[in-house]
Amino acid sequence: MTGVPVPPLAAGLAANAVTRRAFIRTTAAAGGGLMLGVSTAWGDRGDVGPALAEVSSVAPEASFSPNVFVHLHTSGEVEIVVARSEMGQGVRTTLSAVIADEMEADLSRVSVVQAPGDPAFGDQNTGGSQSVRNHFQRLREAGAVARRMLEQAAADEWGVPAQECAGRNHEVRHEPTGRVLGYGDLAEAAGNLAVPEDVALKTPDEFRYIGRPIDGVDNLDMTTGAAVYGADVRLPGMVYAAVARCPVVGGSARSYQPEEALAVPGVIQVVELPAGPTPPGFAALGGVAVVAENTWAAFEGRDALRVDWEYGPNETHNSASYRDELQEAVRAPGRAARSEGDVDAALGAAAQTHSAEYYVPYLGHASMEPPACVASVTAEGCEIWAPVQDPQTARNLAAEMLERPEESVTFHVTLLGGAFGRKSKPDFVLEAVSISQQIGRPVNLTWTREDDLRHDFYHALSVQRIEAALDGSGRATGWLHRTAFPSISATFEANVDRPSDGELGLGCTTVPFDILNLRCEACPAPAHTRIGWLRSVSNIHHGFAVGAFADELAALAGRDPKEYLLELIGPRRVIDIWEEDENAYGADKNTLPYDTGRLSRVVDVVAREAGWGRPLPTGRGLGIAAHYCFVTYVGTVAEVSVTDGALTVHRIDTAVDCGLVVNPDRVRAQLEGAVVFGLSLALHGDITMKDGRVEQRNFHDYPILRIREAPEIHVHIVESDEPPTGVGEPGVPPVAPAVANAVFAATGQRIRELPIDLTAT
Amino acid sequence: MAKVTVTINGERRNVDVPPEMPILWVLRDVLGLTGAKFGCGMALCGSCTVLLDGEAIRSCVKPISSAAGKALVTIEGLSEDGSHPLQVAWRELNVPQCGYCKPGQIMNAAALLARNPSPTDAEIDEAQQANLCRCGTYPRIREAIRMAAGQAAVSRGGGS
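Quick mapping for you: the protein sequence lines, in order, are chains A and B. Count the first sequence with my numbering and you get residues 7 to 767, in order. Count the second sequence with my numbering and you get residues 580 to 739, in order.
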């Protein structure tokens, strides 16, 4: 057994003194008090550039890019501006709690303010499970700096050494005498101090909020109907709109007759939206908009509209024949994205070979809140309210479309009623902006569920083929994985004919198995629709195929699936498939290496907690799968039964190692949600296309999991001192293979395509 | 257009809209009560659930004429200050993720508890089967309803 020894990992959580302070500065606070700007720009890992380092600690500086502000008012109230989008992951709660903890602010006196979309706030693109992992350290430092300044202000007031003063729970206490001053009373004086050069961070045992249960900051609004999502914004003079779009991507309106739409009571106006570009990118698809006094009239008017469409070249696209095409593609060699040893020789010399093909269909996002946007374009400017994951891109594209400077566009980020990657694409925002510009009034655009399912940026349909060489004892000696699916890049660039190495890096080339001869290949799959990110992206289909195939090999070897999986993962080592220092998830591979020991550990934990190996009645089975993505390790065990051909998922256990857990309740919630999301796609998700048109309409033919199907879910958080890693997405990929493997354990039937259909041959 | 008189959250309102206009859009776009949400328009997801004379209805398909002379209660009117036991339980257990389905989930559960103060788990599932949650908060929804019903809360699953 060979393997690279695991290096000591970064001691990210020690109470180390932090000396780089240049990314924090005080700024003028409206109404007085202490205000800190903190740069946590994505990709900026603490090396403050020369331009930034020269920034004075007090003077405003255009090049400084804070994305979080802490504002302590003289009343003692604290406002924390969060620049990441809230879509259910709890980011507004978690990020503000991190600052409050190091600041020793009382969370009950903290309010969270949502940042508008503006590059002044640094990176705001909320996706890739990175809000905590990329911002944690700096937000801690920001809080610690604020506390240190308050302690200094109190020391100055009392004329004592600052080391004798300690900020605790919203007040500074002079330890020798017991005197105290509230944070509010110190705000003004603290705001006049220079930012300290170095501060000490807390040790984990000193955390007040980190690692403990924290109430969601939006819970009250969300349970009383006060929470504001995209369609909930109300403006004076606002009208409502619905858009008719070509059912085939790349098509356009040849002509339209507005008369019947205009005859619908409440309909005000019909306007045309110019056809979108090819490839489609983030642009609006184009079509015809019906503007009305209310949303219902707009829907009715849209239904009455007669449009003659030019469908364009994608009209011949059929998902069934496309599947056949991709199946052919994976039966021939593709472009190698990872190659080690000699797979062909290994297959030739094998005691036994085994191959299987896996299919996952197109999937839609189907967030409960369909895309919606309120836009108001006037001669002077443009104001937008929308539930988007990437407000800066949306704002840029709106400005570009209006041919106006970016500064003239004000972008308010509302709460997102679910997103899962859909709302990182602002096509719906651009529609609303175009309509408002044309009619000269504020407009509220709502997509129907049919619009959402038929004009999504779909998770790619995929076919994969894995072939393994086994020696006489059933050990894998060769692994050939071919994957074919339309690339997300094809949504933006012409002539992209197959997935990128980056997409293969999401679960295919990152296969964790210790196999000497290994090759991963990308096979041709031109795109015929808009392809986009869906929660965990290509990890969904790669995780399914790799997880299900591992179970097939275990059965061939006559071994226990969990023991065989651990053997496939092999001895603890670091897997490094990245040429640059950064891994596929934007993390430094040297401080956060892909450590197979952590994967084996979640397998052990989940097997133990789920009672792996316990006796089960006939027709019941346990299945196991494990997956690494977003720098996090997840192991999942499913317990299912099959009775009279009906599959029931009784229980899912999922173990996660995501490093230090900042907000354990939200980690649990995200893992619970990922199980339900994974079950939806394992049991139901299926978008099909015929003649370029999506065949599904609404939740009756694109079902998502309902409560009765939701199993008992047990989340096991593995304790870790490593830096925090992704949580929103990593729980999804192992669910489908765990269920598929459990079905095999229960019935002997192999599941090689999703959604699981026990009647399929 | 027709004048429809309906009591909404305890207040008598006259609305002048087409009689077939769904209640949801009267609430949201005419009266500015945006708590009830649009999710499907076909009574499939329950995001628009409100109470009509105490019964949970999908307001996206029910015409306003069906509410004439009756009483509607929306999430805004369930309690003055979010103090209904279901609202409290939802917060206590940190049930919401994105929160979008919550007004519908809570109103649906309110109708359940009004007619059945101590539902079994099967009865909870049967009632909430009408309401979708894409974030997957179902296990906590069950637990919150149990809690609001005054039943001992069951642990949210194991954990190490």
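A few of these clues could be false.
[Said to hold, decoys possible] With beta-carbon atoms standing in for the labels, derived distance ranges:
| hint | chain 1 | residue 1 | chain 2 | residue 2 | range |
| --- | --- | --- | --- | --- | --- |
| 1 | B | Gly729 | A | Ser81 | 51 to 61 angstroms |
| 2 | A | Leu764 | B | Gln708 | 21 to 31 angstroms |
| 3 | A | Asp763 | B | Val667 | 50 to 60 angstroms |
| 4 | B | Gly729 | A | Glu203 | 53 to 63 angstroms |
| 5 | A | Ser506 | B | Arg694 | 53 to 63 angstroms |
| 6 | B | Gln708 | A | Ala206 | 50 to 60 angstroms |
| 7 | B | Thr699 | A | Asn596 | 48 to 58 angstroms |
| 8 | A | Thr384 | B | Glu659 | 53 to 63 angstroms |
| 9 | A | Pro532 | B | Ser645 | 44 to 54 angstroms |
| 10 | A | Asp707 | B | Glu705 | 57 to 67 angstroms |
| 11 | A | Arg410 | B | Ala693 | 45 to 55 angstroms |
For the record, the hints were derived by calculation from the structure and aren't laboratory data. No experiment lies behind these values; they were computed from the predicted model shown. Here a beta-carbon is modelled for each residue, glycine too, at the ideal position from N, C-alpha and C.
Hint check results:
1. Gly729(B) <-> Ser81(A): 51 to 61 angstroms: violated, 39 angstroms
2. Leu764(A) <-> Gln708(B): 21 to 31 angstroms: Holds - the Cβ-Cβ distance for leucine 764(A) and glutamine 708(B), about 22 angstroms, lies within 21 to 31 angstroms.
3. Asp763(A) <-> Val667(B): 50 to 60 angstroms: violated, 42 angstroms
4. Gly729(B) <-> Glu203(A): 53 to 63 angstroms: holds, 57 angstroms
5. Ser506(A) <-> Arg694(B): 53 to 63 angstroms: holds, 55 angstroms
6. Gln708(B) <-> Ala206(A): 50 to 60 angstroms: Since the Cβ atoms of glutamine 708(B) and alanine 206(A) sit about 53 angstroms apart, the hinted range of 50 to 60 angstroms holds.
7. Thr699(B) <-> Asn596(A): 48 to 58 angstroms: Because 54 angstroms falls inside the window, the suggested range holds.
8. Thr384(A) <-> Glu659(B): 53 to 63 angstroms: With a Cβ separation near 38 angstroms, threonine 384(A) and glutamate 659(B) fall outside 53 to 63 angstroms, so the hint is violated.
9. Pro532(A) <-> Ser645(B): 44 to 54 angstroms: About 51 angstroms separates the Cβ atoms of proline 532(A) and serine 645(B), which means 44 to 54 angstroms holds.
10. Asp707(A) <-> Glu705(B): 57 to 67 angstroms: Distance hint for aspartate 707(A), glutamate 705(B) is violated at roughly 23 angstroms.
11. Arg410(A) <-> Ala693(B): 45 to 55 angstroms: holds, 53 angstroms
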